[in-house]
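Visitor: Single-letter residue listing:
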Amino acid sequence: MARILIENAVKKFGDFVAVDNVNLEIEDQEFVVLLGPSGCGKTTLLRAVAGLGMLDDGRILIGERDVTYLPPRDRDISMVFQSYAIFPHMKVYDNIAFGLRMQKAPKKIIEERVAEVAELLHIETMLDRYPSQMSGGQRQRIAVARALAVESKVLLMDEPLSNLDALLRLEMRAELKTLLARLATTTIYVTHDQIEALSMGDRIAVMKNGRILQYDHPTRVYDRPAHHFVGGFIGNPPMNFLPALVEKHEGKLTARIGTFRITPEAMLNSALQAYEGKQVIMGIRAENMEALSIPADDALEVEVMVLEPLGAQNLLTIHVGQETLKVSTHPDFTAKMGQKIWLRFPSSKIRWMDKDSGRAIVPDLEKVMA
Amino acid sequence: MNALKRRDLPEEQRRALRRQLLRRSGVYVAAIVLCLWILIPIWLIATMAFSTPADVRAFPKPFFPNPISTDTITFFLNAEGILSSTANSIIVAMLTFILSTIVATPAGYAISRFVFRGRDAIRLGILSVRAFPIVILAVPLAITFINLGIYDNVFSLALLHTALVLPTSVLVIASVFASVPYELEEAAQVFGCTPFEAFFRVVIPLTLPGIAAAGVFAFVTSWNEVFAAVLLTLTNRTLPAQILFSLNKASDPFKFAGGFFMLVPSLIFIFFIRRYLFNMWGQISK
Chain A
244 MARILIENAV KKFGDFVAVD NVNLEIEDQE FVVLLGPSGC GKTTLLRAVA GLGMLDDGRI
304 LIGERDVTYL PPRDRDISMV FQSYAIFPHM KVYDNIAFGL RMQKAPKKII EERVAEVAEL
364 LHIETMLDRY PSQMSGGQRQ RIAVARALAV ESKVLLMDEP LSNLDALLRL EMRAELKTLL
424 ARLATTTIYV THDQIEALSM GDRIAVMKNG RILQYDHPTR VYDRPAHHFV GGFIGNPPMN
484 FLPALVEKHE GKLTARIGTF RITPEAMLNS ALQAYEGKQV IMGIRAENME ALSIPADDAL
544 EVEVMVLEPL GAQNLLTIHV GQETLKVSTH PDFTAKMGQK IWLRFPSSKI RWMDKDSGRA
604 IVPDLEKVMA
Chain B
2 MNALKRRDLP EEQRRALRRQ LLRRSGVYVA AIVLCLWILI PIWLIATMAF STPADVRAFP
62 KPFFPNPIST DTITFFLNAE GILSSTANSI IVAMLTFILS TIVATPAGYA ISRFVFRGRD
122 AIRLGILSVR AFPIVILAVP LAITFINLGI YDNVFSLALL HTALVLPTSV LVIASVFASV
182 PYELEEAAQV FGCTPFEAFF RVVIPLTLPG IAAAGVFAFV TSWNEVFAAV LLTLTNRTLP
242 AQILFSLNKA SDPFKFAGGF FMLVPSLIFI FFIRRYLFNM WGQISK
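Chains as they are written, first to last, in this note's numbering: chain A, 244 to 613; chain B, 2 to 287.
Only chain A is shown next, with the shape it has when bound in the complex (with noise of 0.2 Å):
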C-alpha cells in the first residue's frame, strides 16, 4: 500500500557507475520489472531500495516517508533473494516465521500466517522440516513465503527464478504472477529475462550502464522500443536494424535502403525532418515484415539464406547489403536457400532510430521516458 519514488539516484562503486542518476515512480500495488543484462545496475538499485547499499546521491520514498538512509529493518519491505537465503539452522516453519517474530507479533497471529502464506505455496506439509532436505523449488517457495508472511508493503524480488530449471522456471512465473496479483502489495522485479518480464511486469524499467533507456508497459516496451538497445534486448529474435538514408523524393520525405525506398508515417515528418542527407536506423519486428514469394512495388527484393521451421512459424535469415534480417513468416511460406523473395515493411511497425544516441525519432506528442 505506498508507492515508491527514486529520485536521481546514485551509485558509484569506486570509479564504476552502477546507478547513473536513475528517476524511478512505482504506483501503489504496481509490479515493476527492472530488466537489463548483467551488471546494468539493476540489482544495486534493488538493495538501495532495500537498503543493503546505501545510495551515494538522490532520495527514495517508500510512501510518503524518506527512507534512503533508514535500515532495511525500518523500511517495511520484504525480499526474496536469488540464492533465497533460507535460514539452514531453522525449520521451514521457523524460517517463514523469522520475520513476524522479529515485529514481535503474538505467537497465535504467528501460527495463522505462516499456516496460511505455506497453504498459498504449497508447502504446508513441509513445515517440520528442515532446508537442506529440500529441492531448488522448494526453497524457493519458503523464501516467497518468507517475504509474504511479513505482509510488508514493498516486496522486492532479485532474480528469484533464475536458479531454477526451465521447466520450473515456468510453473513458478505462472504461479508467482496469480499470486502476486491477489495481494496488495507493490512489488519490484529484478531479472534479466526478458520473456519474465514481459510476461510478468506491469511496467518494465529497461536499464543500461547504470540507466534506464525505457520506461513501459511490457506490450509497448516490445513494440514501440525508445532505444536501439531496447529493441536489440528484448524479443527473441531480437527487432531487426537497417541503416536506411533520409531523403526528399518527389516532395515526400522517405527513407531509402540501397534503391529501395520506404515513406514513413506523415506523424513522423516533422521529427524526421531534422535527419534529412543523414542515416537513420530502420528498426523492424521479425513478425511484422511481410514475405511474399512473387515481386511486388513495395516490396524489396532479398535472397533467402536460412530457413528454420519452428513449428508455429517459419524463421528466414535473409541478408540486406551487409545486414542480416530475421523474418518470420507463417508455417506454410516455404523458401529455398538462396531463392528470391519479396518484402514488405508495413510504416505503421517500423521504429525509427538515431544512429548515434540510439534513441527512437519520435512524433514531438509521443513521450518517451529516456
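Any given hint could turn out to be false.
FRET-style restraints, in silico, Cβ to Cβ [stated by the list, open to error]:
# : chain 1 : residue 1 : chain 2 : residue 2 : range
1 : B       : S267      : A       : L422      : 38 to 44 Å
2 : B       : L125      : A       : D408      : 40 to 46 Å
3 : B       : E198      : A       : P574      : 56 to 62 Å
4 : A       : D466      : B       : A111      : 50 to 56 Å
5 : A       : E414      : B       : A179      : 53 to 59 Å
A few chain A positions that, by computed beta-carbon distances, are all more than 10 Å from chain B [unchecked claim]:
#  : residue
6  : L295
7  : R316
8  : H332
9  : D408
10 : E519
Calculated from the structure, these hints are not laboratory results.
Ideal Cβ positions, reconstructed from N, Cα and C, are used throughout, including at glycine.
Add chain B to chain A, keeping to what the hints say.
Guide: What follows is chain B alone, placed relative to chain A:
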C-alpha cells in the same frame, strides 16, 4: 575385469593397467609407512602406560600390556608436582581457549566479510607471527614480563599461548565465516534484525561448531606447548614444563605414563575438530 579378459588385452593396454596398479600401490605403501611412523610410538607409549612398572623396565617390551595395570599411571600421578602442574596446565589452556576465541572471532569475521584498507597486510601480519620461532618470541617476552612483574604466572603464560595460537585460530574462524553466505545476514536484516542480531541469530548458530573447533585447537596447542612454559614459569609450572624438568632424573615408568597423560587429551580433541582443520587446509570434498 576378469583375468581371462585382461590377458586378451593388447600389450599397450596391459602395460597401462600395470602402471596404474603400481602407482596406486605406491601411494598406499607410502600412506601405511606414514601411519606406522606416527602410530608405533603412540602404541608403545600407551602399552607401557598400562603395564606394571616392572614390565616397563624389562626388555624386550611386550606388544600388549600383560597384565594390564594402572600402577605406572598411579605412580606418575603421585609424583611430586604433577597434580598442581596439571591444574596449572588446565588453567592456562582454558584461558588460552577463552582469550583466543574472544579475539579471533571478531578478527576472523572482519577478514572474511569486509574489504578494508590493509586487509591483505593484516592477513600477512597474522601469518608472520607464525614465521617467528617461538624461541625468538619467548626470550624478549620473558624479559618484558619480568620488567612488568608478571613473571612466573599462569596468566602471562596464557597471554603468550594466545598470541601463539591466534594466527591459526583467526584463519580457521575466518574460513568458517566465509562458508556462511553474506546473503543470509542480509536476509535477517531485511526481516527485522540489526546487524548485531543478524550475526547472533543467524551466523553464530551456523558457525558455533567451527568456532569451538578453533577454541579446542587453542586448548590443545597450549596444553602441549613446552618451550615458553619452561621459560616463563618457575614455581607455577605447567604439566609439560614439569615433565621436562624432571625428565633427566625420572624413571622409565614416569616417562611413559607422563607421555601418555600428555597425549590423550590432544588425540581426543583433534579427533573431534579434524573436520575444521581439514577445512582450513583446503580439503577436497567428495
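Visitor: Each of the hints needs a verdict: does it hold here or not?
Guide: Structure-based check of all given hints:
1. For the pair S267 of chain B and L422 of chain A, the beta carbons lie near 57 Å from each other, so the given range of 38 to 44 Å is not met.
2. Roughly 43 Å separates the CB atoms of L125 of chain B and D408 of chain A, a value that falls within the hinted 40 to 46 Å.
3. One distance hint, 56 to 62 Å for the beta-carbon pair E198 of chain B and P574 of chain A, holds here, with the actual separation near 60 Å.
4. Separated by about 52 Å at the C-beta atoms, D466 of chain A and A111 of chain B satisfy the suggested range of 50 to 56 Å.
5. Under the hint 53 to 59 Å, the C-beta atoms of E414 of chain A and A179 of chain B, about 34 Å apart, miss the expected range.
6. Here L295 of chain A does not stay apart from chain B, with its beta-carbon only about 5 Å from theirs, under the 10 Å limit.
7. With a closest Cβ-Cβ approach of about 5 Å to chain B, R316 of chain A is found to fall inside the 10 Å limit, against its non-interface label.
8. Taking the minimum C-beta to C-beta distance to chain B, about 5 Å, the non-interface status of H332 of chain A is violated against the 10 Å cut.
9. Remark: the non-interface label on D408 of chain A is consistent with the geometry, its nearest Cβ contact in chain B lying 21 Å away (cut-off 10 Å).
10. No beta-carbon of chain B comes within 10 Å of the beta-carbon of E519 of chain A; the shortest separation is about 54 Å.
Of the hints listed earlier, those the structure fails to meet are numbers 1, 5, 6, 7, 8, in rising order.
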